[in-house]
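Visitor: Listed below, chain by chain, are the residues.
There are 6 protein chains.
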Amino acid sequence: MDQNRELFSQHLIEALPYIRKFYSKTIVIKYGGAAMTNEDLKQQFCRDIVLLDYVGMRPIVVHGGGPQVTSLMKRLGKETEFIDGLRVTDKETIDIAEMVLTGMVGKEIVARINLEGGRAVGLSGKDGRLIRAEKKMHRRPSDPDHELDIGYVGEVKSVEPQILNTLEKDGFIPVISTVGMGDDGCAYNINADTAAGEIARALRAERLVLLTDTPGVMRDRNDPSSLVSSMSAREARSMIAEGSAEGGMIPKLSACLTALGGGVRKAHIIDGRMPHSVLVELFSDTGIGTQVFPEP
Amino acid sequence: MDQNRELFSQHLIEALPYIRKFYSKTIVIKYGGAAMTNEDLKQQFCRDIVLLDYVGMRPIVVHGGGPQVTSLMKRLGKETEFIDGLRVTDKETIDIAEMVLTGMVGKEIVARINLEGGRAVGLSGKDGRLIRAEKKMHRRPSDPDHELDIGYVGEVKSVEPQILNTLEKDGFIPVISTVGMGDDGCAYNINADTAAGEIARALRAERLVLLTDTPGVMRDRNDPSSLVSSMSAREARSMIAEGSAEGGMIPKLSACLTALGGGVRKAHIIDGRMPHSVLVELFSDTGIGTQVFPEP
Amino acid sequence: MDQNRELFSQHLIEALPYIRKFYSKTIVIKYGGAAMTNEDLKQQFCRDIVLLDYVGMRPIVVHGGGPQVTSLMKRLGKETEFIDGLRVTDKETIDIAEMVLTGMVGKEIVARINLEGGRAVGLSGKDGRLIRAEKKMHRRPSDPDHELDIGYVGEVKSVEPQILNTLEKDGFIPVISTVGMGDDGCAYNINADTAAGEIARALRAERLVLLTDTPGVMRDRNDPSSLVSSMSAREARSMIAEGSAEGGMIPKLSACLTALGGGVRKAHIIDGRMPHSVLVELFSDTGIGTQVFPEP
Amino acid sequence: MDQNRELFSQHLIEALPYIRKFYSKTIVIKYGGAAMTNEDLKQQFCRDIVLLDYVGMRPIVVHGGGPQVTSLMKRLGKETEFIDGLRVTDKETIDIAEMVLTGMVGKEIVARINLEGGRAVGLSGKDGRLIRAEKKMHRRPSDPDHELDIGYVGEVKSVEPQILNTLEKDGFIPVISTVGMGDDGCAYNINADTAAGEIARALRAERLVLLTDTPGVMRDRNDPSSLVSSMSAREARSMIAEGSAEGGMIPKLSACLTALGGGVRKAHIIDGRMPHSVLVELFSDTGIGTQVFPEP
Amino acid sequence: MDQNRELFSQHLIEALPYIRKFYSKTIVIKYGGAAMTNEDLKQQFCRDIVLLDYVGMRPIVVHGGGPQVTSLMKRLGKETEFIDGLRVTDKETIDIAEMVLTGMVGKEIVARINLEGGRAVGLSGKDGRLIRAEKKMHRRPSDPDHELDIGYVGEVKSVEPQILNTLEKDGFIPVISTVGMGDDGCAYNINADTAAGEIARALRAERLVLLTDTPGVMRDRNDPSSLVSSMSAREARSMIAEGSAEGGMIPKLSACLTALGGGVRKAHIIDGRMPHSVLVELFSDTGIGTQVFPEP
Amino acid sequence: MDQNRELFSQHLIEALPYIRKFYSKTIVIKYGGAAMTNEDLKQQFCRDIVLLDYVGMRPIVVHGGGPQVTSLMKRLGKETEFIDGLRVTDKETIDIAEMVLTGMVGKEIVARINLEGGRAVGLSGKDGRLIRAEKKMHRRPSDPDHELDIGYVGEVKSVEPQILNTLEKDGFIPVISTVGMGDDGCAYNINADTAAGEIARALRAERLVLLTDTPGVMRDRNDPSSLVSSMSAREARSMIAEGSAEGGMIPKLSACLTALGGGVRKAHIIDGRMPHSVLVELFSDTGIGTQVFPEP
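Protein chains in written order, with our numbering: chain A, 1 to 296; chain B, 1 to 296; chain C, 1 to 296; chain D, 1 to 296; chain E, 1 to 296; chain F, 1 to 296.
Mixed in with the good hints, there may be bad ones.
[Said to hold, decoys possible] Keeping only pairs whose Cα atoms sit at most 30 Å apart, straight-line, the calculated DSS-like set for lysine-lysine is:
(1) C:LYS78 x C:LYS21
(2) A:LYS157 x B:LYS169
(3) E:LYS266 x A:LYS21
(4) B:LYS21 x C:LYS21
(5) B:LYS78 x A:LYS78
(6) E:LYS91 x F:LYS74
(7) B:LYS169 x A:LYS25
(8) F:LYS78 x E:LYS74
Don't read these hints as lab results, they were simulated from the structure.
Isolated chain A (complex conformation) (with noise of 0.2 Å):
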């Protein structure tokens, strides 16, 4: 037992002063992927923002939805066309989509957080005219002179985050489904990572962390031990740039470059599958997963 006091007081002395530093700080979280669907890393996410927000941080959860879309539209007897990885989105999918991610994914955040003794409230691109979008053509690889229309895929022309200062200043959490707007006042989907790049970016947040189903950035996907703990922005590029970082990683890496372009402290890429990675990656000394830090 007073190994234990020892241990609690030692982790102690090492969180406080990050719990210091983060006072009334902004910290956006792009919550997906395997977080948000086992139930018991659903509960320990949603608590672990309540805690945040109790100890004076001010969490933004951006989350995406993928799977949930795809299964609605199947029930609706709707075939599902991706173009190298990307949905084919007419304007039926696109309202599907805003629906099941505003009314449905988005919501139940809301709830879960509000019942762990929070404050959330969920926005799309809309509300507020937190996201401003416009269409965005396709390359194709195999035929890069030429675009392709996929439909209402957008990409982010504009944030307004007056909204999401309103909601912090009275202490509310906001839950950003990433559909944006557009200049017809159509819904465009948005790829989250990306969104939660451009949020941090317009907020000058803090931090931006992003959840995966990986440890974080690895030189070797198959080898655990070949994890990256930090690396800075000009690293960063150069491993989009020649290819080195595999496919998922690379619209993370780019929301990093993005939010750290913008003025954010620090970026990180961390194993949603770990309990209360999101507590352990701000509150240690050592961290897990894979940060990212500006050039100096």
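Following the hints, position chains B, C, D, E and F against chain A.
Guide: Okay, now just chains B, C, D, E and F, sitting in the frame of chain A:
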């Protein structure tokens, strides 16, 4: 032209004192019926909401969306069962209803208001714990001694209006889908008139305005000249008790009484089919429709 | 009636954006001519000022009162001498002028505004050191090389607007008699159009509105259809230089230029004989009279 | 010189606690008599007012001006009729009185204070609705059963002190001409001592100071040694009731009682013929003149 | 390592709610005994105080220093006389005590906290009139009918906490030597436990923590397993009345009761010999030592 | 008596503008010499400080206390060694000095000010990290090439004035013992004149006032008529360079130059033996002693 100028200044002189009176005051507007299906009326309504916001008022839109829910259920091959006009709402139904109301109907209103120059934010009763609901058992008129479980149909347990204050303070226009949150975190369907009355009460709003597809409260449903242009809360209460109000008016009159009982200054039941009915009702001496005022 | 309702809402939709635009903005209004002698116009003018105040604008009234001064001088058996249309103002004359303007004409406007529900405060240029004046020498057109001393006639040396800010902040409506204070503490008579322009400039007011007894600036004084409804500062300057403006318009156009040069957004010369001319000019799309806008 | 230094520091040590005590406190000063006619006393008085303002006090000057009114009436060939010492005030007379008091006498005080470095603002009872008046009927001592209409002579119906608070807050010194505004918008003449008492009461001022042309309240008018240097409100009331105060003192003692009844801490009747009498009264232990203190 | 991570997050999840709960709350800590003599404990204590400050709490340190006083007295060749364990305190003794406590012991704690990154300010009861004292007469147990004068030993007459609020508000950490100020301006020696209780009471602190050289309150002084980990104020009062608390605990339990009586939420008696005892007590579920809670 | 009244008002009129000028301004006063040993002067000084505080100024007292240190050292049987007039300060000596200055001399001033009605707080350079010190090596005039270690004698490395701002803002009067804190946490002795100059500089105080036991700066030490009543910073610098100032004046003139260099408006060297010298110097036109003003 000179005559027009004179009318113009007369109209202004009529409207200006109301504009002043409502400055920074909250107006809760229940939106539904024809005004929510006709394209022209939709656009006029959203533009009027933005005008109210422009001149310093704080409009709050509360909406339903039964037809849209029924429509998606049909597409999913799910039968809708009604008992005494109430939708029997199993878990799957409430999930669909929540998704449709908050993820589709609400977001469309938000987008329209934004395109007209406002900054709207869509909310369900879960967001910021706005509406806590509890299960409502049904008693059939034919068998009033037994309670019948019709599923996820709820009544308002409490309203936590802080999220509305937070949004209003910074100039956002709340657009509320009337889905409540149960103690278990589940969604419950709430009658939109009732919810609007409770929200107006919780905010001690200046006004509650309910849009209908009739000219207002009429003594004889088929005789437009029987429109009651003004009535006291006492008269409204009698009308409900005596059964002299037609069916659809009962929840509306009840909502008015709820609001007045909480300090709302006046409640209005007006014809949403008439263009700009909200403006004419609020800013002219004569008004349209029926106004209900509190007992002195 | 329905047609009237439609006109009503059209007029409102026309006026509301202006009401919003002018919220908490300062409007300096030079009051004089027929609007200050006709009983009906007096009352309408004061009521309109109170309406502007009601909807959140900050009106400031600047007035002259030459005829009233002349009248008292006659009763005191004192001859009024004019040189080139300027009153020769000896010590006794300026004392009478100050007394009449600030002690009678101004107080009548104050009382009328108060009776209509506003809270006006009468000021001269001495109060709160509002207008510092210095002696203005006259050069006769017939002998422009020599300066002629015409007594206590002054030009504006500086405007200290703090007293106006103090009053506006707490909802009082300033009513200003254009008597300036010299370095010796004596009163100096100041042209009221000029003073209004300088005050609008010092406050960076939103608008300067000058009431006249003509429809506005006309290319041909005898042809109402020659009214210039909009002109740039450059055009106004040319008109003065070329002598194409009739005599009475020159100080008014100069006052507009003074105001625009100090950041006032627009200046208006309107017909004070028309009822509610201020309301129609400020709140309608077409306006009346002549507006002068700054060079882009 | 050393003796002088010692006196200097003694005087300071005497005065400093009063300076502290009066910091940001309102002092209402009724100005009149010799102090308003002698050139040296005028200048000293205005300079003292500026000094009070300098050290953080909030002086308010209330003045009369009967002789100046009479003088203009003479020039206009209008006879002044007095009944029992009260001026019979027809419409023409009140117009002249208002014009002289607010447009001439008040503005001269304003200008002098401004030249000494203060920032004064002249007000009548109309400005900001400061003094609402109602007609006062006269009862002749010789025929006390009948009321006699002596015209536009009023008594104070109410004082709306907000304009004074507004001016004081921003460092302006109010200079008040005691003309009240009737419900018809007309001016009414008000006794200046009475008005000063009512204003002090409405503001819950710290002090009311009345300048007279006698050393203070004397038991024997012809015996300076009979000066009463301190008396309670009760004693003042007896003196009035018993008729032991000489005529001119009665409205002054009444004004003191009005003020004390409204929470003013002390009222002073002092000799305005003595240079700097206000400073000596407020800042020395012994004072001069008569102070009236509230019942314990 | 993974096990460590899990412990780490468990410990954090245990501590975070306390950290939140104590945010911006005042914690009064009586510092003394071994923790004030052992070099390691001194440094750990001061570091812990800085950590509390870091995470937004408001620690206040109250200290004694009897041994240091005795030591200087010896060097000055002055005998210390004790009666019933109380130091007989003549004028010379109190001067030495004041000098040692405020000029040496307190300043050392201040310097250590500053070196750890905090900003401490040393205070005696004279500073800002923090502790007003009055002479305390002694009654010998052997002769309880007579009062014995033991010199400048005082009890707390009143605490004026404003200086503490002033310092806390701006982030300074008060370090208080328990010397009170008598009405004659002289210093009086005050028991440090008692003073800590009174200060906690005057501030309505969240917690009072007393460091001792025992594990806490024990039923049997020689049996560590007899430690009482939690007791009510009522139980503490009985223990004192029944004499079942050992001698040194009586002033400590009394201090706890004083604090609880003034609204302090809990009082703790803990073992200052254990490293980081303050952190473990405040931030863990189980705590160490004895906590005293108010009657419900 | 009338003459006295006249003198009284003259003195007030002389002093009031200074009182206004110094309102809410910081005055740093170096206290020492006879004014700190004579009982009457002590009391008058502390009363004057309270008066300054009363009328809204912000006095800060900086004091030395060499004789008291020497006296305790003697009692402890410790020889004091001086080299070139500087006290050789080993660890034991600095401990005694700190204890005497902060624990005895400072606390006596604090208690006296409190008894006069002020609220003083004693500080050393350690408190709130007010004065950071670094070791000062000595160079003997006889051997200027070598540095001599004379122990814990320091010079000011930096002043962190926040604790002073914190105290002043809430109306506390800081009383500062000039002991600095080294990087090792140890105390260092600092010359009190020098410290006062540095503190005035760090605060950009309005005034620095140094009390001495001479009439001020004199060209001939033995001729009182050679007193320099006013000199520029340039002249002060020359006087030091030319050696024309007598020994004791050099650190005082240097302190004045330090203060003026940091934006202090004027520095005064005055005779602390004269009663109320601070009041006379600050509030009269002529002053006493020597004032040093910055180069234009």
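Visitor: State for each hint whether it applies.
Guide: Going through the hints against the structure:
1. Annotation: proposed proximity of LYS78 (chain C) to LYS21 (chain C) is violated, straight-line Cα distance about 49 Å (limit 30 Å).
2. Annotation: proposed proximity of LYS157 (chain A) to LYS169 (chain B) holds, straight-line Cα distance about 27 Å (limit 30 Å).
3. As the CA atoms of LYS266 (chain E) and LYS21 (chain A) are separated by approximately 29 Å, the hinted pair is consistent with the 30 Å bound.
4. Pair hint LYS21 (chain B) plus LYS21 (chain C) holds up; C-alpha atoms about 18 Å apart against a cutoff of 30 Å.
5. Under the criterion of a C-alpha separation no larger than 30 Å, the hint pairing LYS78 (chain B) with LYS78 (chain A) is consistent with the structure, at around 17 Å.
6. Annotation: proposed proximity of LYS91 (chain E) to LYS74 (chain F) holds, straight-line Cα distance about 19 Å (limit 30 Å).
7. Restraint check for LYS169 (chain B) and LYS25 (chain A): the C-alpha separation of about 22 Å stays at or below 30 Å, so the hint holds.
8. Taking the CA atoms of LYS78 (chain F) and LYS74 (chain E), the gap is about 15 Å. The hint holds against a cut of 30 Å.
The structure fails to meet hint 1 from the earlier list, while all remaining hints are met.
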